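Under my numbering, residues 15 to 459 are what the sequence shown spells out, in order.
Heads up, some of the hints might be wrong.
So the derived label-pair ranges between C-beta atoms look like this [to be verified]: (1) L278 x G409: 34 to 40 angstroms; (2) N336 x M316: 21 to 27 angstroms; (3) F342 x G409: 35 to 41 angstroms; (4) E61 x R172: 41 to 47 angstroms; (5) L363 x P104: 54 to 60 angstroms; (6) H269 x G409: 39 to 45 angstroms.
With a Cα cut of at most 30 angstroms, we get these calculated DSBU-like pairs of lysine-lysine [stated by the list, open to error]: (7) K379 x K356; (8) K142 x K58; (9) K72 x K148; (10) K312 x K243; (11) K313 x K51; (12) K166 x K51; (13) K376 x K313; (14) K142 x K176; (15) K243 x K176; (16) K166 x K376; (17) K58 x K376; (18) K312 x K379; (19) K356 x K376; (20) K148 x K96; (21) K176 x K148; (22) K166 x K243; (23) K58 x K72; (24) K72 x K51; (25) K166 x K142; (26) K58 x K88; (27) K72 x K176; (28) K96 x K72; (29) K51 x K142; (30) K379 x K313; (31) K96 x K166; (32) K88 x K166; (33) K51 x K356; (34) K356 x K176.
The set of hints was computed from the structure by calculation and includes no laboratory data.
None of the values given here were measured: they were computed from a predicted structure.
Ideal Cβ positions, reconstructed from N, Cα and C, are used throughout, including at glycine.
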Amino acid sequence: MGFFKWVSLIFILNLFGPRYAFSDSSSTSNGLSEIPKRFLQYAKNPELSDWMVGIRRKIHENPELGFEEFETSKLIRAELDKMGIPYNYPVAVTGVIGFIGTGGAPFVAIRADMDALAMQEMVEWEHKSRIPGKMHACGHDAHVAMLLGAAKILQEHREELKGTVILVFQPAEEGGGGAMKVIDAGALENVNAIFGLHVAPNLPVGEAHSRAGPIGAGIGFFEAVISGKGGHAAIPQHSVDPILAASNVIVSLQHLVSREADPLDPQVVTVARFQGGGAFNVIPDSVTIGGTFRAFSKKSFMQLRQRIEEVITGQAAVQRCNATVNFFTEEKNFFPPTINNKGLHEYFLAVAGDMLGTHRVKDLKPVMGSEDFAFYQEVIPGYFFLLGMENGTRGQLESLHSPYFQINEDAFPYGAALHASLAARYLLEFQQEVSVSDRNHHDEL
């Protein structure tokens with residue numbers, strides 16, 4: 015028996031001591047399967063589940079936008095201090111990176127985003143947002159609470175971890191590209207894999223949905239200023255009408271998907287902004303339009319970007335106008351497609367299946383929404399999944415980004431336990447793939 019196989023077997027036999035005694039300690043598969051089951055039982059303990067609910071409600075009352083999560087970060091650091099978990103701060107302005115385990119390789123990361131949205135909450139309840147015009151309408155408050163719950167579970171068993179779990183509390187997921195800034199800061203330089211989740215109001219509580227390969231689209235934004243020559247609406251021959259030009263541009267942009275894209279390669283171009291003149295009888299000098307474009311492959315995405323610029327400038331010229339196009343490469347960044355690692359998919363199925371039952375781990379249909387977790391997946395093997403929280407007896411939950419969005423807090427034990435199980439079992443199952451030379455060169459993060 016090889017050295018690492020021998021170490022792994024010994025670790026399985028002794029994992030978590032008497033609190034986590036396995037039904038058949040001679041069986042590697044049985045030993046591994048007990049980890050997520052026991053973690054879920056631990057997470058459902060009222061002391062831990064109620065604590066996560068309290069954390070989430072504090073964050074929900076004080077929502078903060080991207081790179082402004084100073085109070086949220088302060089709360090996270092205070093809880094990590096209470097648990098005795100070391101961390102780095104600040105990372106990417108407001109981010110917090112915690113460490114549990116040996117401090118050495120292998121490294122596995124679990125991530126939660128912290129930012130809220132610029133919108134007014136319309137739900138009347140005791141813990142409604144206290145900040146006008148800001149709301150946790152995407153569940154990031156729940157994500158933070160569940161990652162802190164996972165931290166409690168893992169810290170309780172830190173002596174048994176054969177490697178290091180990295181806790182990533184990330185700022186600015188909502189369009190700010192916070193994941194990219196975490197990577198640029200070098201916070202995840204030696205991480206072997208990273209896992210993330212998102213609550214899903216349309217999936218049953220206690221279920222997890224995902225798939226290998228693309229699950230979310232790459233996304234970009236554009237804005238175009240189309241300039242003509244203003245004048246009186248009664249004598250249009252003396253003007254160069256940018257509204258007419260912009261109208262032709264919008265119609266032509268729709269042809270990019272319907273006439274140029276492969277029907278089996280989903281793509282979207284949407285013009286969601288049109289700002290022109292302010293009077294009924296005046297042709298304006300210029301019009302501004304803007305929108306978003308999305309695709310599942312980087313090749314299709316970049317081709318779409320190129321054609322958007324060509325169509326806008328070309329159609330404007332046909333109408334005797336000039337056009338400039340801005341893709342906001344500095345401010346908003348392009349979000350790449352969210353693509354799950356195939357090897358980690360098989361691993362996820364095993365862990366989640368052991369915890370929830372295989373009948374409650376289901377395939378996810380790709381969506382055109384984006385997720386900046388994709389930045390991690392470009393440089394680290396990564397896996398992202400949806401966590402159900404719908405309970406039919408409590409009525410239908412509103413969709414993400416709705417001012418009426420609500421969280422079913424019964425989902426928290428499942429999210430915390432999945433986070434902890436994916437990290438703990440990864441260190442056990444995948445440490446064999448970290449060579450002795452890697453350990454010598456990457457012995458600390």
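Hints versus structure:
Separation of L278 from G409 is about 38 angstroms and conforms to the stated range, judged on CB atoms against 34 to 40 angstroms. A C-beta distance of roughly 25 angstroms is found between N336 and M316, which places it inside the suggested range of 21 to 27 angstroms. For the pair F342 and G409, the supplied restraint of 35 to 41 angstroms holds, since their beta-carbon distance comes to about 39 angstroms. Separation of E61 from R172 is about 19 angstroms and departs from the stated range, judged on CB atoms against 41 to 47 angstroms.
Distance hint check: the CB atoms of L363 and P104 are about 36 angstroms apart, inconsistent with the given range 54 to 60 angstroms. For H269 and G409, the Cβ-Cβ distance of about 42 angstroms falls inside the hinted range of 39 to 45 angstroms, so the restraint holds. In summary, the hint linking K379 to K356 is supported, as the alpha carbons are separated by about 16 angstroms, within the 30 angstroms threshold. Proximity of K142 to K58 is assessed by CA-CA distance (about 25 angstroms); at most 30 angstroms being required, the pair is judged to hold.
As the CA atoms of K72 and K148 are separated by approximately 14 angstroms, the hinted pair is consistent with the 30 angstroms bound. Distance hint between K312 and K243 is unfulfilled; the C-alpha atoms sit about 38 angstroms from each other, more than 30 angstroms. Of the pairs offered as hints, the one joining K313 and K51 is violated, with about 42 angstroms between alpha carbons and a cut-off of 30 angstroms exceeded. A C-alpha spacing of about 16 angstroms is found between K166 and K51, which places the hinted pair at or below 30 angstroms, so the restraint holds.
For the hint pairing K376 with K313, the CA-to-CA distance comes to about 29 angstroms; that is within 30 angstroms, so the pair holds. With a C-alpha separation of about 42 angstroms, the suggested pairing of K142 with K176 is violated against the 30 angstroms cut-off. Only pairs whose Cα atoms come within 30 angstroms are accepted, and K243 paired with K176 is rejected, the gap being roughly 69 angstroms. The hinted pair formed by K166 and K376 meets the criterion: a straight-line CA distance of about 28 angstroms does not exceed 30 angstroms.
Pair hint K58 plus K376 holds up; C-alpha atoms about 22 angstroms apart against a cutoff of 30 angstroms. With a CA separation close to 19 angstroms, the supplied pair K312 and K379 stays within the 30 angstroms bound. The straight-line distance between the Cα atoms of K356 and K376 is roughly 15 angstroms, inside the 30 angstroms bound, and the hint therefore holds. Taking the CA atoms of K148 and K96, the gap is about 29 angstroms. The hint holds against a cut of 30 angstroms.
The hinted pair formed by K176 and K148 fails the criterion: a straight-line CA distance of about 41 angstroms is larger than 30 angstroms. For the hint linking K166 to K243, the alpha-carbon distance of about 64 angstroms lies beyond 30 angstroms, and the restraint is violated. Simply put, K58 and K72 have alpha-carbon atoms about 20 angstroms apart, close enough for the 30 angstroms limit, and the pair holds. About 29 angstroms separates the Cα atoms of K72 and K51, which keeps this hinted pair within 30 angstroms; it holds.
Between the alpha carbons of K166 and K142 the distance comes to roughly 27 angstroms, so the proposed pair stays at or under 30 angstroms and holds. Note on K58 and K88: the hinted pairing holds, with a Cα-Cα distance of about 26 angstroms set against a maximum of 30 angstroms. For the proposed pair K72 and K176, the alpha carbon gap of about 34 angstroms is over 30 angstroms, so the pair is violated. The straight-line distance between the Cα atoms of K96 and K72 is roughly 17 angstroms, inside the 30 angstroms bound, and the hint therefore holds.
Simply put, K51 and K142 have alpha-carbon atoms about 34 angstroms apart, too far for the 30 angstroms limit, and the pair is violated. Between K379 and K313, the direct Cα distance comes to roughly 21 angstroms. Compliance with the 30 angstroms bound is thereby established for this hinted pair. With a C-alpha separation of about 10 angstroms, the suggested pair K96 and K166 falls inside the 30 angstroms cut-off, and the hint holds. For the suggested pair K88 and K166, the alpha carbons sit about 17 angstroms apart, so the restraint of at most 30 angstroms is met.
The hinted pair formed by K51 and K356 meets the criterion: a straight-line CA distance of about 24 angstroms does not exceed 30 angstroms. Taking the CA atoms of K356 and K176, the gap is about 24 angstroms. The hint holds against a cut of 30 angstroms.
Checked against the numbered hints above, the structure violates hints 4, 5, 10, 11, 14, 15, 21, 22, 27, 29; every other hint is satisfied.
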